[in-house]
Amino acid sequence: MPSYEEVFRASTEDPEGFWLTAAGAIDWDTPPTRALDSSRAPFHRWFPDGELNVCHNALDRHVAAGRGAQPALVYDSPVTDTKRTYTYEELTDQVATFAGVLAGLGVGRGDRVVLYMPMVPEAVVAMLACARIGAVHSVVFGGFAANELAVRIDDAAPKVVVSASCGVEGARVVPYKPLLDRAVDLAQHKPDACVILQRPEGPAELTQGRDVDWAEAMREARPADCVSMAATDPLYILYTSGTTGKPKGVVRDCGGYAVALRWSMEAVYDVGPGETMFTASDVGWVVGHSYIVYAPLLAGATTVLYEGKPVGTPDAGQFWRVAAEHGVKTLFTAPTAFRAIKKVDPEGEFTRAYDLTGLAYLFLAGERLDPETYHWASELLGIPVIDHWWQTETGWPIVANPVGIEAAPVKAGSPTFPLPGWDVRVVNGDGKPVPPGEDGAIVVRLPMPPGSLPTLWNDDERFVSSYLSAFDGYYLTGDGGHVDEDGYVFVMGRTDDVINVAGHRLSTGGMEEVLASHPDVAECAVIGVADSLKGQVPRGLVVLKAGVSTDPAVIEAELVQLVRDRIGAVASLKEVAVVAALPKTRSGKILRRTMRGIADGLDEPVPSTVDDVAVLDALRPVLTRGSAGAAEQ
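Residue numbers (UniProt numbering): 1 to 633.
Mixed in with the good hints there might be a few duds.
Said to hold, decoys possible - Straight line, CA to CA, 30 Å or less: simulated DSBU-like cross-link-like pairs of lysine-lysine:
1) Lys-411 to Lys-83
2) Lys-309 to Lys-574
3) Lys-246 to Lys-159
4) Lys-246 to Lys-83
What the hints assert, rightly or not - Computed beta-carbon distance windows for the label pairs:
5) Val-174 to Arg-620: 39 to 47 Å
6) Ser-228 to Ala-157: 18 to 26 Å
7) Ser-469 to Glu-347: 44 to 52 Å
8) Ser-517 to Gly-106: 57 to 65 Å
Treat the hints as calculated values from the structure; they're not laboratory data.
Quantities reported herein were computed from a predicted structural model and do not represent experimental measurements.
Beta carbons are placed, not taken as given, at the ideal position from N, Cα and C, and that holds for glycine.
Required output: the full structure, derived from the provided sequences and hints.
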């Protein structure tokens, strides 16, 4: 087996040969003769003369290879007490039939279909059905506010919207149909039809002349065949979280995405045909697109679709139950999920009820993995805990410990090394490289590898201005950090989370690392608040583990001293507040920018992606209390 260094060198010295070789793992209708077209740089295109169908690669080819009886999709829903397994043959039949439903509604190659779905098998079926007939799907997180859905309908201009009557979030049933109806009323673009999956937990009344019942349509449809697509054709549009005004629609192509994901499954996640991957995310996010749906199926693996929470549905042991019952080899989720589990079950007692001997890896991504959570998970499970870093825009990991190639020693706080194809640099404000260990802006040298976004939907100009204009020849990740002398990348957070305290640039991620090391802290956030004297000062917010009985005032004082001891008085962290919960997006990212705006006394809008507005509202008095910035506004 070649070493990581050998594989990485091959990807940089001969990217053409490297990625054409990787493309050999994909079935092509017309095999590509070249890997990269840079004639319209910075709009690079991968496998420009290749043709394929992504759905065929995810489903039909495995059936044709004699593996149709293998489980493809396992649906596990503790919130509805439902478990169901689809073989590759069964899933292919379902997808082909629903592709026929869409074709019968006039959907064809290049048309858009918006999916507004809960975590049910039909969401996966609809995504793959679009890919089958060459339609471009755009998944909007189920339960998004009507006005946000309307904005995305206007931008994507779908011929059809596919939705469900309701979603189930814990003990709460969320009616989707009224939100969809309102969104269609608000939108200037009107879809030709809406296909509605009726769920028994909350059936909906259908709108005559527009709405189509999923079950009835499936009974009447004729299965549709795969349509050959250019590798450069769009597969889907995914709108980035937290957008305001015109949303930012990340475009994913067919060929580059299929090649990159297929390669990543074995190289990064060490999952091959017949093995099981459980990605605890949502199909509304990029993680769900890439590692619940497309990548596992492209690799011929079994993927788990989980409808529930890490805690409370009904307990903090559900991830372990799913892993044990379904023979999971690789578990992938967000650090915030593990902090939630740690908060409720700090001793990890729920793991004792399940046989986890088959679980080989835990992968974490979506936000920075603090060393405290890393150590807790490592000691609890006794398996490699792999931090890795990527973005909606990139589609697959930028930096990771590629256990399928060669596992490197872990450094807590670092996602390890850039993966083959990713030329990662750290630069200062002038675009000059910084010395090892010095923080700066993390950028990626162009062209980025296959699978990353080629542009934004109908907005090449915004693509360039948002990502490519800050530093000539580089993609701006928006994250800051450093590379140490051993080549390990440390991602400390968004560049706007670097604060300036009396002329000293300090990373809030570094302070969060210190706070998280306290034995009573489950999770934390540090934000920079405007200060008339020092420009900015940090303010800490911490959530305690379940069962902690120490006076919060004592813990707050200990945390202030801890930061002073480890970072120094220059940090000026003098205020830490114990709070019940931190506001997050539905994908688990803490809303630091929103909290900072509130603390500064600004009229900060509530992001469309917020998971629970009540948590944010409860924090407002804490955030604005005693703020010099707020007092001056």
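Each hint tested on the structure:
1. Lys-411 to Lys-83: This hinted pair is violated, its Cα atoms lying about 38 Å apart.
2. Lys-309 to Lys-574: Given pair Lys-309, Lys-574 is violated - Cα atoms ~35 Å apart, limit 30 Å.
3. Lys-246 to Lys-159: Given pair Lys-246, Lys-159 holds - Cα atoms ~20 Å apart, limit 30 Å.
4. Lys-246 to Lys-83: violated, 39 Å
5. Val-174 to Arg-620: 39 to 47 Å: violated, 25 Å
6. Ser-228 to Ala-157: 18 to 26 Å: holds, 24 Å
7. Ser-469 to Glu-347: 44 to 52 Å: holds, 50 Å
8. Ser-517 to Gly-106: 57 to 65 Å: holds, 58 Å
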